[in-house]
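Asks: Keeping the supplied structure of chain F fixed, place chain Z upon it in accordance with the hints.
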Amino acid sequence: VALAGQLMAAQIQPHFLFNSLASLQHWVQTQDPRAAPMLEALTGFLRATLPLFNRPALTLGEELQAVRSYLQVMQARLGDRLRLTVQVPDSLHALVLPPGLMLTLVENAVEHGVLQSLVGADLLVVGHAKADGFVLQVLDSGPGLAADHRDGVGLVNSRARLAQAWGSEATLQLSNRSEGGCAATLTLPLRAMQTLNR
Amino acid sequence: MTRQQPTALVADDEEAPRQQLIKALQQAWPELHIVAESHNGVDAWDAWLEHEPDLCFLDIRMPGLSGVDVARRIGGRTPVVFVTAFGDHALAAFDAGAVDYLLKPVQAERLAQAVSRVQARLAPSSAPTPAPGSAPAEAAPGLQALLEKLAGQARRAPPLKVLQASVGREVRLIRTDEVIYFESDSRYTRIVFAGGDALIRTPLKELLAQLDEQIFWQVHRSVIVNHEHVAAAVRVDEGHMHLTLRGRSETLPVSRHFQSLFKGQ
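First to last, the sequence lines map onto chains F and Z.
So the first sequence is residues 1 to 198, counted in my numbering.
So the second sequence is residues 1001 to 1265, counted in my numbering.
Bound conformation, chain Z alone:
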């Protein structure tokens, strides 16, 4: 598959630095098409799933999910350039890894270097990119481990324990451990639990950042499942997979980015 125009996602929670980078990118790489501008980590991850850009520029400190959290989820499937205001301890790691980093305010000369690195990486002659649906393999194992470690250091509120959903005239309290799965329903999120289902206003992408990721697995841009309720992952045909659930008749789709969660042992 060839694209006429390379695409990029740019994420920074502050508007002016984001616009500064975009402006500098337009100078450094006029052909590059910015398909998504994200204001926080949850939007960035959602936009990555929606647009599958060729590369990402991620600010490290963002609310919801940090740039490191987003990079960890991308798992090397797209080259990531980190953008940060100050070195922190992370820089040493990026020096060693396959990803590049830029310091804010972004300097034209340094950006040009990053751009040529990314262009070399995206060129057809470089290392083959993983086939769709295959396990993320591009990031060096050391880098991936480091991203895991850094992600654990970010301060965030503890995982949600209870959800409040309006059902008719009552507000029902649903414990997260009762939830079977969450599903995006236009501007709402549908919660399916043992006793029924309910709608909440929090978008799925925001909910994702508040759930215990050991228990709740995102399997599709619009589906998060409690893995304890999954009975089987069924490969329907090339590229298509769905989940069957314990004691339930409906199936849940698994998009190709998440199929590597279910690879057998």
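Bound conformation, chain F alone:
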């Protein structure tokens, strides 16, 4: 029952899960060497994601583990359609975030950016410190936001969690990049860098 609750809370996308299993099934049947690493990445993703949502907050370092295993699975499935760069300095790993926030932004960039592009897309996860806080960005070179874009469930939840944690000191903005594609920009206040109370 606890696990069922975790699965619900984690909002693991069924499309992601079953598409990954479809690839895995084919690779197992054909004894493709991609099967074992895929299974490992998928297991890693589930292990990293399930506990994520039971906690009010976690560090960026912990969140990035879930993000990395998600991206490993997608990289195996998509090959060179997904051109990935993750550049987040270690010094930012102690930032405190509402759980699942970065994962939601990365999932959105893959689903609506990379998967919707005929030629695949670049995906960048970057972060830096500035004088009055921190900036984390998820950038893609996909089709960009539609004119009538509205936030999906994942983003609505993310914004609510962010407001709960940092009020108006934190912001989350989605915009179209001048070079094409979408940018999700998260800004956090200086006090987001703190020791977690466990």
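There may be inaccurate statements among the hints.
Using 20 Å as the maximum straight-line C-alpha spacing, the simulated SDA-like pairs for lysine to any residue come out as follows [stated by the list, open to error]: (1) Z:Lys1023 x F:Phe18; (2) Z:Lys1023 x F:Asp32; (3) Z:Lys1023 x F:Val28; (4) Z:Lys1161 x Z:Arg1190; (5) Z:Lys1161 x Z:Arg1172; (6) Z:Lys1161 x F:Arg177; (7) F:Lys130 x F:Val86; (8) Z:Lys1023 x F:His128; (9) Z:Lys1023 x F:Pro33; (10) Z:Lys1161 x F:Glu179; (11) Z:Lys1023 x Z:Leu1103; (12) Z:Lys1161 x F:Ala146; (13) Z:Lys1161 x F:Val28; (14) Z:Lys1023 x F:Arg177.
Selected chain Z positions facing chain F (Cβ under 7 Å, derived; list incomplete) [claimed, not checked]: (15) Glu1014; (16) Pro1017; (17) Gln1019; (18) Pro1063; (19) Ala1085; (20) Pro1158; (21) Pro1159; (22) Ser1255.
The set of hints was computed from the structure by calculation and includes no laboratory data.
Positions of the beta carbon are idealized from the N, C-alpha and C atoms, including for glycine.
Replies: For chain Z alone, kept in the frame of chain F given last:
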């Protein structure tokens, strides 16, 4: 017309699930000949026009055009089996309609069922298929309306407003509303507009997904026309039709799949 071997198109943007389905199909229906494997919706639609397969297996989520978009264009002329990773809201509809659906990863037993449904549908004793060039009529009206609705829900970039074409040493900006027609020219697309013509590298099939389909009508595998410039559709003889354009001397071919666009009132 009888074919020795039934033909199928299989479309999925991910390689492994596509290969998994093809492998399972070879077991379930050894006579079936896969004439096209498409990696996205625009390739699937182009391959349908090229090969006219007996049936299609379409993944729903694909870039360019979704499986639902492709099915809507096919308009019931070929049975479509949807393949999807997860139920979404669409499944209820497919339950009610004439098309079948499969969940990924595809299970052998369930695929066998789908195959026998399709075989029953393709058997000569079943309902007559529409004559070539006739209006797509096979899909139930409710299903067709639902496909329209689902197609509108997919997220995509707004229609193209400006095209960039290299003409000699300059890059010319051509507003899409100035375009009279687009024509495939081997690996290029020729744009004909009021002030002349130009070549761009984007293939016609990819352009199709980026144009406003209220204005730009595909009339042939290799021709898309701005319908406001069409003067008349002329039936040349049985099965052949061409378009004349306002104030221009050239004519454009209309292949039989698109002749139902011009049926008079």
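Asks: Work down the list of hints and note, for each, if the structure agrees.
Replies: Consistency of the hints with the structure:
Distance restraint check for Z:Lys1023 and F:Phe18: the Cα-Cα separation of roughly 18 Å lies within the 20 Å cut-off, and the hinted pair is therefore satisfied. Note on Z:Lys1023 and F:Asp32: the hinted pairing holds, with a Cα-Cα distance of about 14 Å set against a maximum of 20 Å. Note on Z:Lys1023 and F:Val28: the hinted pairing holds, with a Cα-Cα distance of about 13 Å set against a maximum of 20 Å. At roughly 17 Å between alpha-carbon atoms, Z:Lys1161 and Z:Arg1190 fall within 20 Å of each other, so this suggested pair holds.
Proximity of Z:Lys1161 to Z:Arg1172 is assessed by CA-CA distance (about 14 Å); at most 20 Å being required, the pair is judged to hold. For the given pair, Z:Lys1161 sits about 18 Å from F:Arg177 by alpha-carbon distance, which is consistent with the 20 Å threshold. A distance of roughly 19 Å separates the Cα atoms of F:Lys130 and F:Val86; the hinted pair therefore holds under the 20 Å criterion. The straight-line distance between the Cα atoms of Z:Lys1023 and F:His128 is roughly 48 Å, outside the 20 Å bound, and the hint therefore fails.
About 18 Å separates the Cα atoms of Z:Lys1023 and F:Pro33, which keeps this hinted pair within 20 Å; it holds. Of the pairs offered as hints, the one joining Z:Lys1161 and F:Glu179 holds, with about 16 Å between alpha carbons and a cut-off of 20 Å not exceeded. A distance of roughly 15 Å separates the Cα atoms of Z:Lys1023 and Z:Leu1103; the hinted pair therefore holds under the 20 Å criterion. Pair hint Z:Lys1161 plus F:Ala146 holds up; C-alpha atoms about 14 Å apart against a cutoff of 20 Å.
For the hint pairing Z:Lys1161 with F:Val28, the CA-to-CA distance comes to about 46 Å; that exceeds 20 Å, so the pair is violated. Note on Z:Lys1023 and F:Arg177: the hinted pairing is violated, with a Cα-Cα distance of about 41 Å set against a maximum of 20 Å. Satisfaction of the interface hint for Z:Glu1014 is found here, the shortest Cβ-Cβ separation to chain F being roughly 6 Å, below the 7 Å cut-off. Given hint, Z:Pro1017 at the interface with chain F, holds; its Cβ is 4 Å from that chain's nearest Cβ, closer than 7 Å.
The criterion of a C-beta within 7 Å of any C-beta in chain F is met by Z:Gln1019, whose closest approach is roughly 6 Å, and the hint holds. Using the Cβ-Cβ criterion of 7 Å, the hint placing Z:Pro1063 at the interface with chain F is satisfied: the shortest such distance is roughly 5 Å. Below 7 Å, beta-carbon pairs count as interface contacts, and Z:Ala1085 has one with chain F at about 4 Å; its hint therefore holds. For Z:Pro1158, the interface hint holds, since its Cβ comes within 7 Å of a Cβ in chain F; the closest pair sits about 5 Å apart.
Because the smallest distance between the Cβ of Z:Pro1159 and any Cβ of chain F comes to about 10 Å, over 7 Å, the interface hint for this residue is violated. Contact between Z:Ser1255 and chain F, as hinted, is not supported at the beta carbon level, the nearest pair being about 24 Å apart and thus beyond 7 Å.
Violation of the numbered hints given earlier is confined to hints 8, 13, 14, 21 and 22; the remaining hints are satisfied by the structure.
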